[in-house]
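Participant: Residues per chain, in single letters:
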Amino acid sequence: MNPRARLWLVVLGGGGLAALLVAACLRLPAFGGPWHPYGDRAVRAALARHIANTIASVNFDQRAFDTMGEMTILFAAVLGCVVLLRQARDEHRDPPEPCEVAAPVRRYALVVLPIALVTGLYVIAHGQLSPGGGFQGGVVAATALHLMYLGADYAALERIRPVEAFEIGDALSASAYLVLGFAGVLAGGAFLANTLLPYGTFNTLSSGGTVPLLNAAIGMEVASAVVVLLARFLDQAVEIEEGSGS
Amino acid sequence: MADAVVVVALLAVAGLATAAVANRDPARQALVLAVLGTALAVLFTVLQAPDVGLSQLAVGSALTPLLIMLSVRKVRRRSAHGKDSKQ
Amino acid sequence: MNGWILAATVVLAVGLGTTLWGVATGPLGRRVVAQNLSTALVCPGLLLLSQGYDRTSYVDLALLLALLGPVGTLVFARLLADELAEEQPRAWGLTWAAAGLGAVVVAVLCAVTGPGRSMVKLLIVGALLVGGNLLASRAMSGGFPGVSRG
Amino acid sequence: MKTRTTLLAVGEVLAWWAALVVLWLMLISTVYTLEWVVGACAAGVGALAARAGRRAAVRPR
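Residue numbers (numbering that gives the first Met the number 0), protein chains in the order written: chain A, 0 to 245; chain B, 0 to 86; chain C, 0 to 149; chain D, 0 to 60.
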């Protein structure tokens, strides 16, 4: 296909998409109106199960099956990265030289690492009470560990981060989500139905039945998956060299 | 008048997204992308979606830049390596 | 619309506007400085928004930005250390001005909140924000003297 | 000498743990028993990570 025909194809496709989007926008309800059919029902369902944050109720109760799909996508994506970014036969590992970091940067990283880790765990634990949840907190906790790479060097990060343990943790927490789903079936309900545990007192950590447990499973899964993903990227960027060694 | 902050956030997102596309160097694109992440978090907050805003902050402020910059470093090292072996 | 949201609108418009201009044009050093300033200017805006909407749980957004924003700048300072070593970007005037804005906003919100645990939370956010930004500024002008490889 | 290092290590972890429990109490909105338990566990993880990080950053020469 010559460039001219390609341009025409793009113009045609883009123009059609734009026309459809404009037509769809014209039929949308007005911005900020008082009519929220889905929102009203979701809030009612969340309050019936003593969950303060409706978003957590949608993610881990009303649409828990969708969340399982998203978790599977993340799991598969990380698995694909691990396979793609492995050390090939014509590559060798060349451990990086220890590097020099200014003292204030190193001190900052060492102080902020535990603070960020605890904040990530706080965001995971309060998923059904305030904005946040497993995904957000898991990413924060995983990012916190990589302050070791920024504030010291790659060898220091490797010393506090056993990748194998995080790979196992990733698989374990993904299966924990499935086990919790099947527990609903065994208890006589449906897959991932939130009928297993008492709903507890509204606005406490134990409220919402299985929601806090599913939330914790997702938090652990995301944190492990991000650590494994970044480990492969760091390996490729810092350690693995082309050529089969000299 | 109450929507002024929404307009500000939308304009910032539109401007930053355009700047991210207009830049050609991946390192500079990553810088614009990091700022775009915070602008998107503000937009989600003023649209009363703090959960999505938190996701955007968590991913966009440190994780995405780190992934992009590590890929840039790998590509640069590979091309430098290729030059060395040719000489 | 109350005064808090108006203040947040002004802070966010000025902050996002200047950082958009700074991060999209000019040499690499200036862009990294602008990326660092975006954290320092947007975080006070988020705090003001949480006060304006009267939702204390929105402070978590500012907390996360204050924690992770400087980490993002450290990523660039570390992985672009070679390029930045030639430029030695310094913008201490701007950095201290942004830090001052953060401190003023946190102080005002603390005065409104009154003593209690939520005030301490605001102070933690403020300390992380100001400390992180000053440190990130320091890091990008020679914080990584020997990281040519690794 | 051995006991001294052990004591120092335990002291470091305990100091971090106490500081992180206080941080947790400042982040949350209402305090009750389960919150104390979860906060203490999270602070424990953070304190161990803090010590591991500081040890890893000191370069073995």
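Just so you know, these hints were derived from the structure itself, not from any lab.
Heads up, a few of these hints could be off.
Unchecked claim - Footprint (simulated), chain A over chain D, 3 or more residues, beta carbon under 8 Å: (1) 3-17; (2) 25-32; (3) 39-50.
Built from N, CA and C at the ideal position, the CB exists for glycine as well.
Participant: Of the numbered hints stated earlier in the document, which are not met by this structure?
Facilitator: 1
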